[in-house]
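Colleague: Chains as they are written, first to last, in the working numbering: chain F, 1 to 517; chain B, 1 to 517.
Think of the hints as simulated: they come from the structure by calculation, not from any bench. Ideal placement from N, C-alpha and C gives every residue a C-beta, glycine not left out. Hints should not be assumed to be uniformly reliable.
Listed below are the simulated DSS-like cross-link pairs for lysine-lysine, each with C-alpha atoms no more than 25 angstroms apart in a straight line [as the list claims (entries may be wrong)]:
hint : chain 1 : residue 1 : chain 2 : residue 2
1    : B       : Lys333    : F       : Lys342
2    : F       : Lys183    : B       : Lys342
3    : B       : Lys424    : B       : Lys452
4    : B       : Lys298    : F       : Lys173
5    : F       : Lys450    : F       : Lys406
6    : F       : Lys183    : F       : Lys238
7    : F       : Lys298    : F       : Lys457
8    : B       : Lys342    : F       : Lys173
Which residues of chain F face chain B? A few of them, derived with a C-beta cut under 7 angstroms, are [as the list claims (entries may be wrong)]:
hint : residue
9    : Asp235
10   : Phe303
11   : Gln318
12   : Tyr320
13   : Ala323
14   : Lys342
15   : Met351
16   : Ala479
Protein chains: 2
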Amino acid sequence: MTNNELPVYVEGYGKIIPFVEGLRKIEVTEEFSKKVYIANKTECKLVESIRTVLEKCKIRDGMTISFHHHLRDGDYIINMVMKEIADMGIKNLTIMPSSLQKIHEPLIDYIKCGVITRIYTSGMRGNLAKEISYNNILRNPVVFQTHGGRARAIENKEVKIDIAFIGAPACDKMGNMNGRAGKSAFGSIGYAMVDAKYADKVVAITDNLVEYPLDMPSIYQTDVDYVVLVDEIGDADKIATGATRMTQSETELRIARYAAEVLKETGYVKEGFSFQAGSGGASLAVIKFLKEYMKEKKIRGGFVSGGITSVLVELLEQNYFNALLDVQTFDAKSADSLNRNKNHIEMSASMYANPYNKGSVTNMLDIVVLSATEVDINFNVNVLTGSDGVIMGAQGGHPDTADGAKLRIITTPLVRKTIPIIRKKVTTIVTPGCNIDIVVTDKGIAVNPKRKDLIEKLKNSELPLMSIENLQLEAERTAGRIRQPEFVNEIVGIVEARDGSVIDIIKRVKKRNKINA
Amino acid sequence: MTNNELPVYVEGYGKIIPFVEGLRKIEVTEEFSKKVYIANKTECKLVESIRTVLEKCKIRDGMTISFHHHLRDGDYIINMVMKEIADMGIKNLTIMPSSLQKIHEPLIDYIKCGVITRIYTSGMRGNLAKEISYNNILRNPVVFQTHGGRARAIENKEVKIDIAFIGAPACDKMGNMNGRAGKSAFGSIGYAMVDAKYADKVVAITDNLVEYPLDMPSIYQTDVDYVVLVDEIGDADKIATGATRMTQSETELRIARYAAEVLKETGYVKEGFSFQAGSGGASLAVIKFLKEYMKEKKIRGGFVSGGITSVLVELLEQNYFNALLDVQTFDAKSADSLNRNKNHIEMSASMYANPYNKGSVTNMLDIVVLSATEVDINFNVNVLTGSDGVIMGAQGGHPDTADGAKLRIITTPLVRKTIPIIRKKVTTIVTPGCNIDIVVTDKGIAVNPKRKDLIEKLKNSELPLMSIENLQLEAERTAGRIRQPEFVNEIVGIVEARDGSVIDIIKRVKKRNKINA
Chain F
1 MTNNELPVYV
11 EGYGKIIPFV
21 EGLRKIEVTE
31 EFSKKVYIAN
41 KTECKLVESI
51 RTVLEKCKIR
61 DGMTISFHHH
71 LRDGDYIINM
81 VMKEIADMGI
91 KNLTIMPSSL
101 QKIHEPLIDY
111 IKCGVITRIY
121 TSGMRGNLAK
131 EISYNNILRN
141 PVVFQTHGGR
151 ARAIENKEVK
161 IDIAFIGAPA
171 CDKMGNMNGR
181 AGKSAFGSIG
191 YAMVDAKYAD
201 KVVAITDNLV
211 EYPLDMPSIY
221 QTDVDYVVLV
231 DEIGDADKIA
241 TGATRMTQSE
251 TELRIARYAA
261 EVLKETGYVK
271 EGFSFQAGSG
281 GASLAVIKFL
291 KEYMKEKKIR
301 GGFVSGGITS
311 VLVELLEQNY
321 FNALLDVQTF
331 DAKSADSLNR
341 NKNHIEMSAS
351 MYANPYNKGS
361 VTNMLDIVVL
371 SATEVDINFN
381 VNVLTGSDGV
391 IMGAQGGHPD
401 TADGAKLRII
411 TTPLVRKTIP
421 IIRKKVTTIV
431 TPGCNIDIVV
441 TDKGIAVNPK
451 RKDLIEKLKN
461 SELPLMSIEN
471 LQLEAERTAG
481 RIRQPEFVNE
491 IVGIVEARDG
501 SVIDIIKRVK
511 KRNKINA
Chain B
1 MTNNELPVYV
11 EGYGKIIPFV
21 EGLRKIEVTE
31 EFSKKVYIAN
41 KTECKLVESI
51 RTVLEKCKIR
61 DGMTISFHHH
71 LRDGDYIINM
81 VMKEIADMGI
91 KNLTIMPSSL
101 QKIHEPLIDY
111 IKCGVITRIY
121 TSGMRGNLAK
131 EISYNNILRN
141 PVVFQTHGGR
151 ARAIENKEVK
161 IDIAFIGAPA
171 CDKMGNMNGR
181 AGKSAFGSIG
191 YAMVDAKYAD
201 KVVAITDNLV
211 EYPLDMPSIY
221 QTDVDYVVLV
231 DEIGDADKIA
241 TGATRMTQSE
251 TELRIARYAA
261 EVLKETGYVK
271 EGFSFQAGSG
281 GASLAVIKFL
291 KEYMKEKKIR
301 GGFVSGGITS
311 VLVELLEQNY
321 FNALLDVQTF
331 DAKSADSLNR
341 NKNHIEMSAS
351 MYANPYNKGS
361 VTNMLDIVVL
371 SATEVDINFN
381 VNVLTGSDGV
391 IMGAQGGHPD
401 TADGAKLRII
411 TTPLVRKTIP
421 IIRKKVTTIV
431 TPGCNIDIVV
441 TDKGIAVNPK
451 RKDLIEKLKN
461 SELPLMSIEN
471 LQLEAERTAG
481 RIRQPEFVNE
491 IVGIVEARDG
501 SVIDIIKRVK
511 KRNKINA
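Based on the provided sequences and hints, a complete structural model is requested.
Modeller: Below, the structure written as structure tokens:
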């Protein structure tokens, strides 16, 4: 199933449990754990600085600390906290941000000088990712987890967080907090809800200290040790990726029309159906066409889940769907909706996607429409590395939704610039082909042969069906031969499936030219 | 400190850790635990009957099952579930309701025939309590816990719940639930929030199955195994105790006026102060007088916590306080307020009163005004047994708030009918005298000598201060000699302090006349 041949053991990671189709069976007697706390009634949780809170938390070499990425490229927290830690001379930390963005480039220095020696994350981008890919600057391989896999690892004590730092747009003196109010409001604080519940020490960092008690808390005082007031936790304007505009690209519009047609023909678009899609331009176009069809057929959906954009809020407010289940809010309009619409519901990353709880939302999905950086003839999907082998993306909820949903559709152009997207082998497997049903490109549509039911449903349609092998040949014909990246035999990344098994490894890329060139 | 001499070990309970002032120190490495669950994506959580759900949960002899008491004397769940269990022939169960009411009289039969052999509860009343007190029908002593002590015992795995049965006024097919909507709406579902988080199996029992997903869930699908739809989970009209009417009693009004005067003179009534009071007539009168003072002095309080009544909702809506923190809602008007007022905030029993989390609300209280069945010259308070020794009440949050608050006031008539309330020894110690500051009666006010600061503040007031010993003598003079109950040397109840140590034991009462006479 996996791509690169998996070693039995990876230095700095440990024993490799290879991915196999379906969820890994674990001992049901495994337990999560958290230290019991003896409340100090007289101690005030308000602490005057990051430095002081680090001292109070007794930060020391070798600890594991966590962060959330709700502020995305507008996040100031990670850099702020890491600077203080580095100044204190602490070394050998494991950091566990729910994801890393371009803004986190300062981490490069902290890695190089040994402050950070291990990273768990959903993804990384920009120069940090390049330094990892080309120069292998981190002492141990980066462990890439899915959003659900991260929640699972924390709840299942595979990773023990010593201190969780939680950027909070609204927080009271006791640590009741949410992402709903204040100048840095970002909406759902779903990723951090897991950290707060299981970390030994929990530090709220806020730029908006409200009167006690905060109303509508998402994280409660019972789990929070300290509260630090700072000037700014981030720039909420930088959350929106700008991807919420409808595409004008003829290629993307064609893909979207095909995908919408596929959705109709397969019969999954019916009263009460649930739906998730990415936030890219093509996804938005799919939603537009889907909406027209729902209107025509008078179909009202159940829930839409995942990262929530204003386009989805419109679907809710125009009554196309019953509810939004929001783990991460992508723009100000959606953050506002979370406050305004009762049926726009915040959920934790565990509720969203942890396969080992009593029912995650991903597992209830009827339809998911996903993007891809690469797809191969075994339907495996890459969203983590470029075709040059360099890390440039994130697993996110891609493998979680693909494992959970009943109909899993990939939409992608056949070729991007001169790069063939459908290929014999993906550079890195992130979502396994066993969890992908249909690949929709601008040049043709391939159905996974194991989904005979879908082939049966689509065979009389006017859709341009073809085999994945023919799609691959067509991609190669259009784009020309693939220039394969060359790798050094060093492992810079481990790709964990949502159940914690390993689906692929990422190797160091041999430099062809200077970084940042 | 304790009243009855405590044995070292009690059969059916185990080793006794005697209560000492302050919180018991525990190993901070103690951990709570919960089984990790492997989700079955295709299994539907909806189960057609209580019987079937019991089979699915694999109920068996010796298990521990839990319930909540939000529906109070209108609760149908306990009797409904226990009947099925008894019909199945299951024996030797431990039940852990957050409290027991008169309506739970049918438990007598299940105890007598060995279906139930152990009970953890906050309190019990009526014939069930009499059967325990007079006839010692339960195989093991009843363990009486405080509301905070119950949350602590569950989180700290002192008691492991195998199956939690949660009556839910609103629930969806996945088990997202709350107490806010539906014909049986009771408001806050705070007690059950702890059970849901830590029980191995969680069963929602609802009479109002709503479209998925429920908005404003208090308990999430991630923690719920099964959902059962029944005709009625209870009668919400029976939640209200009728105690929310202002007293007309001259005695109670005098006590209330004294108490309000004490509050003013001690200086604790100041901008932002927090407050809790019982729901009885005298407490309501205290609130009335307090309100007048706050209006006059333009003082706005912080939060009011605990069980919430319509009188407190008025305080909120008239802007006397900033927020209500609600663990249990006592009437329909308050349940409506929880939906309507953002600053009427639901909290779990752990957030309310567990001393071993990172900050409970009880520990933040400035003022608590509490009632008493008996008070003794060491300021110990009884609210659990009558002066005849018979169990007739509940610990509730009494010892939690008294341990947590800065000013702890008992209001009580000196004599009830012919029974002296202030006495040399209380029949049962529930709240220790070290946590009581002032006892306010209609005939005089006693300040705990260790609160020299309060004595100093009150000494120039016109309040009728006297020593607790003189109050006791006055009570004896008015009521005549106490007819002491006679006890059989059998332990029928263990009174646990909020930290899990034992503060008293309850012995079997020697019968003088027929039960129910």
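Colleague: Please list, smallest to largest, the hint numbers that this structure does not respect.
Modeller: 9, 11, 12, 16
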